[in-house]
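**Q** Spelled out from the first residue to the last, the chains are:
2 protein chains.
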Amino acid sequence: MAIKPQIENITVLGTGVLGSQIAYQTAYCDFPVAAYDISDERLDSARHSFERLAALYEEEVDGAAGGPARDALARIRCSADLAEAVREADLVIESIPEKLDLKRDVYARLGRLAPEKAIFATNTSMLLPSELAASTGRPERFLAMHFANEIWKRNTAEVMGHAGTDPAVYEAVVDLARQIGMEPIEIQKEQRGYILNSMLTPWLDAAEYLLLDGVADAEMIDKTWRIGTGMQLGPCEVMDMIGLTTIYEVNAASDNEKTRAAGAYLKEHYIDKGKLGRASGEGFHKYAAAGSTANP
Amino acid sequence: MAIKPQIENITVLGTGVLGSQIAYQTAYCDFPVAAYDISDERLDSARHSFERLAALYEEEVDGAAGGPARDALARIRCSADLAEAVREADLVIESIPEKLDLKRDVYARLGRLAPEKAIFATNTSMLLPSELAASTGRPERFLAMHFANEIWKRNTAEVMGHAGTDPAVYEAVVDLARQIGMEPIEIQKEQRGYILNSMLTPWLDAAEYLLLDGVADAEMIDKTWRIGTGMQLGPCEVMDMIGLTTIYEVNAASDNEKTRAAGAYLKEHYIDKGKLGRASGEGFHKYAAAGSTANP
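Sequence lines, in order, name chains P and X. Using the numbering used here, the first residue of the first sequence is number 1, and each one after it goes up by one. Using the numbering used here, the first residue of the second sequence is number 1001, and each one after it goes up by one.
Just so you know, these hints were derived from the structure itself, not from any lab. In this text, a Cβ means the ideal position worked out from N, Cα and C, and glycines have one as well. Among these hints, one or two may not hold up.
[To be verified] If you want the footprint, here are the derived chain P segments under chain X, 3+ residues with CB under 8 Å:
id	stretch
1	155 to 167
2	178 to 188
3	210 to 222
4	226 to 233
[Claimed, not checked] Label-pair restraints from in silico Cβ distances:
id	chain 1	residue 1	chain 2	residue 2	range
5	X	Ile-1003	P	Ala-253	51 to 61 Å
6	P	Ile-38	X	Ser-1130	52 to 62 Å
7	P	Glu-8	X	Glu-1249	52 to 62 Å
Okay, chain P solo, but in the shape it has when bound (with noise of 0.2 Å):
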């Protein structure tokens, strides 16, 4: 029987947006996280986003107030010496831009560095395991482990190896994946978009291209979906959530022409006016105070 890896020291490579959440919600679990990126600057940036998660935690995390999300603020450390970041990790999660060969530089250099018991996970929404496992030079220790944007209410982590990956170190990050607060989606099979974006956009281009082709306004949109199926938020509420920055960047990159044509759509009549979504104050629609967490 193979011996599950223990995993105790855990590294999280890139501070933005998921990647500050990760090592803040892991450090809440009581892990010591390094928290690596490129620059003291961007560390500088991190540190103010932890400091902004622990006082989020306090208001909206049961049992997060009178000393434990601060107390998370101390398990982590910051570095922008790779070497010295992974140096005794047993985890290294990896949240940096969606960019193929910025990925693979940044395992090649990490494969030779990390200590050789380091599983490598990659929190990639675009990309799938198996399109970087080679350059880890330890595909059978890689995988995929994918969070959500505000990890401490949406708490899932999609764990997807690829064909190579030891089953293993699959069982062990899914036990970390518990450890730090996360409900695991055991993904069977590599499937581009994971579970839940598989679902979510092509669900939310739909909507687009009804705002799009003039057929209907996000009021009536969101109505229809509310009522017709008994839910809370409509897809425009729900792009408003993402943010619509990240929507229009996801169109962008997409094969489908009309999906591209959505974007442009977004851009012009949102993006450009300075409507964002909630997080700005104003999407499809306004909202009373601007939201409290940036878009990713």
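Put chain X on the given structure of chain P with help from the hints.
**A** Positioned in the frame of chain P, the structure of chain X alone reads:
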């Protein structure tokens, strides 16, 4: 300025799941209703449906108990004679099977039998009003008015004209929708699937593909959607609510090979095993008690 047509007498053609709900809901909102179907047997079955709906409204609809739900029954008269059923109609709502030729035949007869003033509204799910308009002999007084199953809870009426629909007729139907307790969804342009199904179909298809491809099971799919979006229901729960037979029929009629394959998967693994959704007590998920309403 156009004079908005007055709507007082309403005839509903077809007393299937939706037709009987439309007739009952309309009568419940104080309108005299003629319910037409092709045989006395079907009308007997319709009378049972109305009785069941009255009992259901008493339980589920505020203010329906203690009189109103039963009083509605007295406002419905049943007829298997089309000429008699439409003689005084201001509005005829057609909810007969989704067969183009059948609908065209019925509209041709209806056009000769109904008073000139009568507006015709089709509850079609799959067809466009423009595909039926010519057969009515009164295209300017013809449009679509599309209801959802469990009309007393999912109270949308998607109102959609074709290019030749008189705007005053459109307005009169929107007003009438409000008077019968519906939230009118005003659709600006012909769109196959209206608003709700335009979004529901690609979303449900995506979930079915994940099942078909063995990426994840229904439990994981629903859990991911619920946590990832904050909504109450995942797509497999929604399919259980709609009824898997309906999902299968929609899939089987698709042009898309993968969609048809997903339909065949549903048939083999669920429908053929008697797992029809919430109404049968089990579909993708198990339910404590069989649902209180029939599947569409």
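**Q** Next, verify each hint and record whether it holds.
**A** We went through each hint and held it up to the structure:
1. 155 to 167: holds (count 3)
2. 178 to 188: holds (count 5)
3. 210 to 222: It holds: at least three residues are needed, and the stretch 210 to 222 of chain P offers 7 whose Cβ sits within less than 8 Å of chain X.
4. 226 to 233: That given contact holds, which follows from 7 residues of the stretch 226 to 233 of chain P lying within Cβ reach (below 8 Å) of chain X.
5. X:Ile-1003 <-> P:Ala-253: 51 to 61 Å: Holds - the Cβ-Cβ distance for Ile-1003 (chain X) and Ala-253 (chain P), about 53 Å, lies within 51 to 61 Å.
6. P:Ile-38 <-> X:Ser-1130: 52 to 62 Å: holds, 58 Å
7. P:Glu-8 <-> X:Glu-1249: 52 to 62 Å: holds, 54 Å
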